[in-house]
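Put together the whole structure using the sequences plus the hints.
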Amino acid sequence: MSPWTFILEHRGEILSATLDHVTLVVIAMMIAILIGVPLGMLIVQRPTLRTIALGLASIFQTIPSLALFGFLIPIPFIGGIGKRTAIVALVLYALLPILRNTFVGLTGIDPAVLESAEAMGMTRSQILFRVRFPLALAVILAGIRTATIITIGVATIAAAIGAGGLGGFIFRGVALVSDALILAGAIPAALLALFADFLLGLLERRLRIS
Amino acid sequence: MEMNTKIVSSAGNLIEFRDVAFHINDILARMIVSGISLEIPQGETLVLLGRSGSGKTTLLKLINGLLLPSKGEVLVQDRPTADWDPIRLRRGIGYVIQEAGLFPHFTVAENVALVPTLENWDAPRTAARVQEMLHLVGLDPREFARRRPRELSGGQRQRVGVARALAADPPILLMDEPFGALDPVTRAELQREFCALARRLGKTIVFVTHDLREAMLLASRIVLLQAGRIVASATPGEFLRLDHPEVRAFTSSLSVSPGLPA
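Each protein sequence line maps, in turn, to chains A and B. All letters in the first sequence, in the order written, are residues 1 to 210 by this note's numbering. All letters in the second sequence, in the order written, are residues 1001 to 1262 by this note's numbering.
Be careful, since some hints might not be right.
[Unchecked claim] Computed cross-link-like contacts, EDC-like style, restricted to lysine to aspartate or glutamate with a CA-CA straight-line distance of at most 20 Å:
hint	chain 1	residue 1	chain 2	residue 2
1	B	LYS1071	B	GLU1044
2	B	LYS1071	B	ASP1019
3	B	LYS1061	A	GLU115
4	B	LYS1061	A	ASP110
5	B	LYS1071	B	GLU1099
6	A	LYS83	A	ASP179
Honestly, the hints are just simulated from the structure, not real lab data.
Right under this line is the structure:
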């Protein structure tokens, strides 16, 4: 059977796996943004916390994804088999690009702008929320975009711990040596990544100033 | 004007340096400026002249509390800058720097409205003030109010910078080589206009430059700095006749320029 006929015949199943996949990615990304952006803002003024946070996030990033899923299974509350563990792992992966871009965006602002903001009598929090943050938004979004692409890819591996999603087809395909099955998981995952990249890229360009 | 009621003109000096030194707090404790005593009365346009690294900008930042003296004290309205709430102090002092430092994500109007907005002026009053300020610096609000800084020329950006600094009507204006990055023609144009503006507004201005000609044009008094110390203080008329090596270094830089009468 050609991969295309297989994909057509199983389109219902593929669609529901795609929706599972998207759900996984969206939940993980929302949590990662809610942690990463405020943490990135916090570490601008705190060098010690900065070293620890960026260091930890980098370590998570270097652990192979399959191993990270494995590590999490025996941990109580956040571990075990299923979606919850998968989301925890995805959040850990997505954290570094968001955290780093938030920090870089907030600190990479024209010193003349920051100096005049301070000299005009803006308070520290006014400078953060009215100057630094709006000017950093495009860079922060670029981090979110990178993290989203990574998460869509890594989420296929989450199927290994029973989290569902498009990875299910890929693992079954590898086990059965079936190209059709592998492609039924890989093609929608690739399309999802391209689509997310395009959409977020569009948003990023609209936010970029000068 | 909430700001002006607070900053009542005293008969004395608006700004005063009392034996001020500033050094960076590192192992070497490098002196940036030392032994600075300086009185700046109301309405004066004081030009701090000196080579790069002579400490001009440091003196400016000591006035608005961006830096605090390591020794001695800087008084603004008879009160040491260390005792001022830095936010209150700075909102009463206009500040213009070389790159203008306009907010790129704000329109021209929003940039000019910055301090009035921070001071919670109501919208109609702020809007009227923005119009007035843009007219004052020679920019037609209908043409420029909605533009972003990147849509302006260097000279226009500096004009907006001046308008922003004056918007809340501060009694003191600090300017750090505001025309330094402009082409000579635009610079001369802005210097002339600014000179007239400064006289009309009666602000107390501290102006930093390394250009003697600019100092001669704008100053009611020139203070010359060398390696962090004041080496001369004189009116523009007297300044050229002073017999100090650093003064001569500056005046000779004037006379070698071709086309200028010796």
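Enumerated hints in conflict with the structure, sorted upward: 1, 5, 6
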